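A.B. asks: Chains A and B, in that order, give the protein sequences.
My numbering puts the first residue of the first sequence at 1, with every later residue one more than the last.
My numbering puts the first residue of the second sequence at 1, with every later residue one more than the last.
You can trust all of the hints, since none of them are fake.
Restricting the straight-line Cα-Cα distance to at most 20 Å, the calculated cross-link-like pairs of lysine to any residue (SDA-like) are:
| no. | chain 1 | residue 1 | chain 2 | residue 2 |
| --- | --- | --- | --- | --- |
| 1 | B | K157 | B | G440 |
| 2 | A | K26 | B | S36 |
| 3 | A | K26 | B | R268 |
| 4 | A | K26 | B | C271 |
| 5 | B | K26 | A | F91 |
| 6 | A | K26 | B | R30 |
| 7 | A | K26 | B | R35 |
| 8 | A | K26 | B | V382 |
| 9 | B | K26 | A | E22 |
| 10 | B | K26 | A | D85 |
| 11 | A | K26 | B | L381 |
| 12 | A | K26 | B | Q386 |
| 13 | B | K26 | B | V40 |
| 14 | A | K26 | B | V31 |
| 15 | A | K26 | B | E383 |
| 16 | B | K26 | A | N25 |
| 17 | A | K26 | B | I22 |
| 18 | A | K26 | B | I269 |
| 19 | B | K465 | B | G328 |
| 20 | B | K26 | A | P28 |
| 21 | A | K26 | B | F23 |
| 22 | A | K26 | B | E385 |
| 23 | B | K26 | A | R86 |
| 24 | A | K26 | B | R27 |
| 25 | B | K465 | B | V314 |
| 26 | B | K475 | B | M313 |
| 27 | B | K157 | B | T85 |
| 28 | B | K26 | A | L15 |
| 29 | A | K26 | B | P358 |
| 30 | A | K26 | B | V272 |
| 31 | A | K26 | B | K26 |
| 32 | B | K26 | A | V19 |
| 33 | B | K347 | B | S320 |
| 34 | B | K26 | A | F21 |
| 35 | A | K26 | B | M384 |
| 36 | B | K430 | B | V314 |
| 37 | B | K26 | A | F13 |
| 38 | B | K465 | B | E309 |
| 39 | B | K26 | A | V14 |
| 40 | B | K26 | A | V12 |
For the record, the hints were derived by calculation from the structure and aren't laboratory data.
Here the structure is a predicted model, which is why all the values come from computation and not from measurement.
If you want the building blocks of each chain, they are given just below.
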Amino acid sequence: MTMGPLLVGLYVFVLACFVGFEVINKVPPTLHTPLMSGANAISGITIVGALYAARTGEVSVSNILGAVAIAFATLNVVGGFLVTDRMLRMFGKKK
Amino acid sequence: MNDTLRGVVVPLVYLLSAALFIFGLKRMSRVRTARSGNAVASLAMLLAVVGTLVELGHIDYRWILAGLAVGSAIGAVVAARVPMTSMPELVALLNGFGGAASTLVALSVYWVDVVEPGRVGTAASVMGGAGAATAVLSVLIGTVTFSGSLVAFGKLKGTLSGNPVLLPGRHVLNVLLLLGTLGAGTWFGFYAAEPSTGVALVLAMTGVALVLGVLLVLPIGGADMPVVVSLLNSYSGVAASATGFVIGNNLLIISGAMVGAAGLILTRIMCVAMNRSLVSVVMGGFGGEEAAAAGGKEEYTNVRSAGAEEAAMVLEAASSVVVVPGYGLAVAQAQHAVRELADLLQKRGARISYAIHPVAGRMPGHMNVLLAEADVPYEQLVEMEQINPEFHNTDVVLVLGANDVVNPAAETKTDSPIYGMPILEVHHAKTVFVVKRSLGSGYAGVKNELFEYPNTMMIFGDAKKVLQDLVSELKHL
Chain A
1 MTMGPLLVGL YVFVLACFVG FEVINKVPPT LHTPLMSGAN AISGITIVGA LYAARTGEVS
61 VSNILGAVAI AFATLNVVGG FLVTDRMLRM FGKKK
Chain B
1 MNDTLRGVVV PLVYLLSAAL FIFGLKRMSR VRTARSGNAV ASLAMLLAVV GTLVELGHID
61 YRWILAGLAV GSAIGAVVAA RVPMTSMPEL VALLNGFGGA ASTLVALSVY WVDVVEPGRV
121 GTAASVMGGA GAATAVLSVL IGTVTFSGSL VAFGKLKGTL SGNPVLLPGR HVLNVLLLLG
181 TLGAGTWFGF YAAEPSTGVA LVLAMTGVAL VLGVLLVLPI GGADMPVVVS LLNSYSGVAA
241 SATGFVIGNN LLIISGAMVG AAGLILTRIM CVAMNRSLVS VVMGGFGGEE AAAAGGKEEY
301 TNVRSAGAEE AAMVLEAASS VVVVPGYGLA VAQAQHAVRE LADLLQKRGA RISYAIHPVA
361 GRMPGHMNVL LAEADVPYEQ LVEMEQINPE FHNTDVVLVL GANDVVNPAA ETKTDSPIYG
421 MPILEVHHAK TVFVVKRSLG SGYAGVKNEL FEYPNTMMIF GDAKKVLQDL VSELKHL
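So that you can see chain A by itself, here it is in the shape it has in the complex (with noise of 0.2 Å):
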């Protein structure tokens, strides 16, 4: 049996649901805001996305919305990472 490339990635979509689940299952209360800053951070991945979505150099409407998506996307992983880091570095200061 061949699966189309839908019905892949619903395959992957539904495992990586159970992964998240897991992996985030257990979480003392102190990481809870640093964690959904992360996985805000990790919600950027949609930058890969929009890196497809600019790919000439001329001015055009989808060139304009992937630029904008760039910068956004890139805001998202870059702001949210490093205030993240920002957060975890003052539970690294306790011994």
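Here the structure of chain A is known, so what remains is to put chain B in place on it, guided by the hints.
C.D. replies: Just chain B, lined up with the frame of chain A:
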């Protein structure tokens, strides 16, 4: 060579990146490994971006570089400058940008594939049925995440009123709007053959989804905002996943789905902590004026207040002191002042602990971050279940800018809107000092019966100022 690179190496880099995301997220869930987990996840993101750039090959990078530069610069500055107290707002805002990015990617793909080549035919016939359907979902979820997050940001920041805005018939309206977006999406994806009709429909769908996001969050009171932010965080993951379907990239599907699941788990934990069901949060109306009408407008009688000098004398004699920090402490930036006071009391032989309610601050764990910033020792932070039996043997409780989480009405008054919410049972202590600006009600908008208890004394004023006064009084004793 290039084919091997694109066909084999890049997909393997994506696989490595996905594995590192899982590994990083796992490490992020333990205090000791959290920071390295975050670093691993950032590395995974870097790999994903580099892999994508390699796959794109030799192209014109003008737009890409512009976008990356602007996003990185703003992101770095914001992350370095934002005060720790504003963390919930920042997460809401960044989350909104992530959602917007997913929407824009789906729109851009449509423009590239259909509009700009001037192809006639439905989006489904050009992008494939699955591509069109997931593009619609990506636009819908991404846009709702964006506008919903902006409203949550405004409410957390105080730009928008924290009170629920209740339009008559809002549930019907929201269902109609949702059906409207799905209808426009279906028409756009599968029936509109002219690009001009397609563009009109997709823009209309985006517009309606913007309104829907605003209307979904407006009715929800300020007290429930953390739950909303967490839920929207989950949505932004799902939106990224949908984008993964549109461009046929498993890395996006995996990472997005994981974030979606993580957001849901956190949302559930927060709901449990506040004794709220997710359904009642989403339906809205809790907190602010409505709740105040149910019990908050009652006048307080028999409230005793004390000055810093009197309180300092009681504190000096205490052998066990529990500090209950709340959001008011964070707003007053008093976390350093509280540690100074605690150090002083400890030197005089008192045992100090901090009672952390699961939703202290504005998000679970927010208070821990703030206290860690002030170098409060980790061992002194005690969670609700552990500290509650201790209050019977506690001499003094110092409530700093916390309100609803110490309200005994949650245990005794069945008609109170917060009835059933787990609280810190500070009223069992010998003496309770409540440091607060006024007798105003908290986030939930209900009267706090603790203030009328005979063992409670109010110290009115800004938390930081009061703490500094207490420190100087103690030094003179």
